[in-house]
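For chain A, the structure is supplied; the task is to place chain B with the ligand on it using the hints.
2 protein chains.
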Amino acid sequence: RMLDQTDERLSQQLAFLTEIDKLKSVLRATTLCDGSRRENTGEHSWHIAMYALILAEHAKSPVNIDRVIKMLLIHDIVEIDAGDKPIHGSHDIAEMEAIEQAAADRIFGLLPEDQRKELRALWEEFEAAESDDAIFAKSVDRVQPVIANLETGGDSWLEYNVSRQQLEDRVGWKVAKGAPALWQHLQARIRNWFGARAE
Amino acid sequence: RMLDQTDERLSQQLAFLTEIDKLKSVLRATTLCDGSRRENTGEHSWHIAMYALILAEHAKSPVNIDRVIKMLLIHDIVEIDAGDKPIHGSHDIAEMEAIEQAAADRIFGLLPEDQRKELRALWEEFEAAESDDAIFAKSVDRVQPVIANLETGGDSWLEYNVSRQQLEDRVGWKVAKGAPALWQHLQARIRNWFGARAE
Ligand SMILES: [Ca+2]
Numbered sequence: 202r203m204l205d206q207t208d209e210r211l212s213q214q215l216a217f218l219t220e221i222d223k224l225k226s227v228l229r230a231t232t233l234c235d236g237s238r239r240e241n242t243g244e245h246s247w248h249i250a251m252y253a254l255i256l257a258e259h260a261k262s263p264v265n266i267d268r269v270i271k272m273l274l275i276h277d278i279v280e281i282d283a284g285d286k287p288i289h290g291s292h293d294i295a296e297m298e299a300i301e302q303a304a305a306d307r308i309f310g311l312l313p314e315d316q317r318k319e320l321r322a323l324w325e326e327f328e329a330a331e332s333d334d335a336i337f338a339k340s341v342d343r344v345q346p347v348i349a350n351l352e353t354g355g356d357s358w359l360e361y362n363v364s365r366q367q368l369e370d371r372v373g374w375k376v377a378k379g380a381p382a383l384w385q386h387l388q389a390r391i392r393n394w395f396g397a398r399a400e
Numbered sequence: 202r203m204l205d206q207t208d209e210r211l212s213q214q215l216a217f218l219t220e221i222d223k224l225k226s227v228l229r230a231t232t233l234c235d236g237s238r239r240e241n242t243g244e245h246s247w248h249i250a251m252y253a254l255i256l257a258e259h260a261k262s263p264v265n266i267d268r269v270i271k272m273l274l275i276h277d278i279v280e281i282d283a284g285d286k287p288i289h290g291s292h293d294i295a296e297m298e299a300i301e302q303a304a305a306d307r308i309f310g311l312l313p314e315d316q317r318k319e320l321r322a323l324w325e326e327f328e329a330a331e332s333d334d335a336i337f338a339k340s341v342d343r344v345q346p347v348i349a350n351l352e353t354g355g356d357s358w359l360e361y362n363v364s365r366q367q368l369e370d371r372v373g374w375k376v377a378k379g380a381p382a383l384w385q386h387l388q389a390r391i392r393n394w395f396g397a398r399a400e
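Chains A and B, in that order, are what the protein sequence lines are.
With this note's numbering as the guide, the letters of the first sequence map in order to residues 202 to 400.
With this note's numbering as the guide, the letters of the second sequence map in order to residues 202 to 400.
This is chain A alone, in the form it adopts within the complex:
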């Protein structure tokens, strides 16, 4: 029989939901807080959605937390094709953006048209990092690896030989831009970690 419209939508939606299962196999530079293994992008996406939910009150400008959570749930889906790009690594930015745009075309393209448009727009908003919601979303995305590093004794900071200045340049100002009290709060622990290493 012909698929009716509900079945047609469900087929597309389940194809998308099955495809994104692959995000659980994309490995990040950061390890779990117990240092036992590297984190994957699926569990990372859950964790930072929780970060946003719990830390929303510290956003510099008021945010729509429901939009922020959706943004964070989908923010790294392109990594299924593009892989994780460690914040302390070096990359060709134009090439990386082209790969991520193609990934967004393919993966969000599995969805029915209305949902494709909605999620693509939300992902573009996150990437642009200009709206209050996106700026806060970026700040929690950036702070979670800092905390994992502080918990593990600096696993990925040591691997990438990160200096305190580099942490400020690549991470700190972005956290502070969306959640100033949060970055302020972490200063003592960060100072201690880099201080102990310098001695």
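None of these hints come from the bench; they were simulated from the model.
This structure is a prediction, so every number in the text was calculated from the model and none was measured.
Remember, identical chains collapse to one label, so a pair may be satisfied in a single copy or spanning two.
Below, in silico cross-link-like pairs of lysine to any residue (SDA-like), each with a Cα-Cα straight-line distance of 25 Å or less: (1) K261 to S212; (2) K318 to R268; (3) K286 to S226; (4) K223 to L387; (5) K318 to A382; (6) K318 to T219; (7) K375 to D208; (8) K375 to D205; (9) K223 to P287; (10) K223 to G354; (11) K378 to T207; (12) K378 to Q206; (13) K378 to D333; (14) K375 to Q206; (15) K318 to S332; (16) K318 to D267; (17) K375 to A257.
Chain B with the ligand in isolation, oriented as in the chain A frame:
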């Protein structure tokens, strides 16, 4: 110096966010869709939040999708202490509930009081499975392992020796209660899988 109120809240909130990192080390019965390894509860929580976001239109009764997503992000946090209880395994239900209540006391208790109350209430609502939001949340929580089984050729169904009747009794009616079109849509694939096995 004395911690001011913002720092005090941030300390509690970050303690909670670091504690729940452990959910990434709780293993479930289900494997990833490529069969490569068992799924953990952190990445599962991300995936079913995505299921809810994408499949909300199929809810039997209209839902507040923002509440459903929050509910699903936190629904399994108690497994940090209580472990995963496979749906096709057998358990002492009263003992399991006591362990989960104690886990909820401890883990949500890390948060500032207002957030502890809010998340605990949301988790209790999920567990009670009576509100429209909770019934839909339960249906996507139940259907995701079905799809993983269909994708992998029945990894955990074979391990637990699940019959088609058992699947209906433990899973099917709960999916259908919250999202009838979704369960209907999967019937052909389920029939094929159990049919091929019976031959
Ligand atoms: Ca679950």
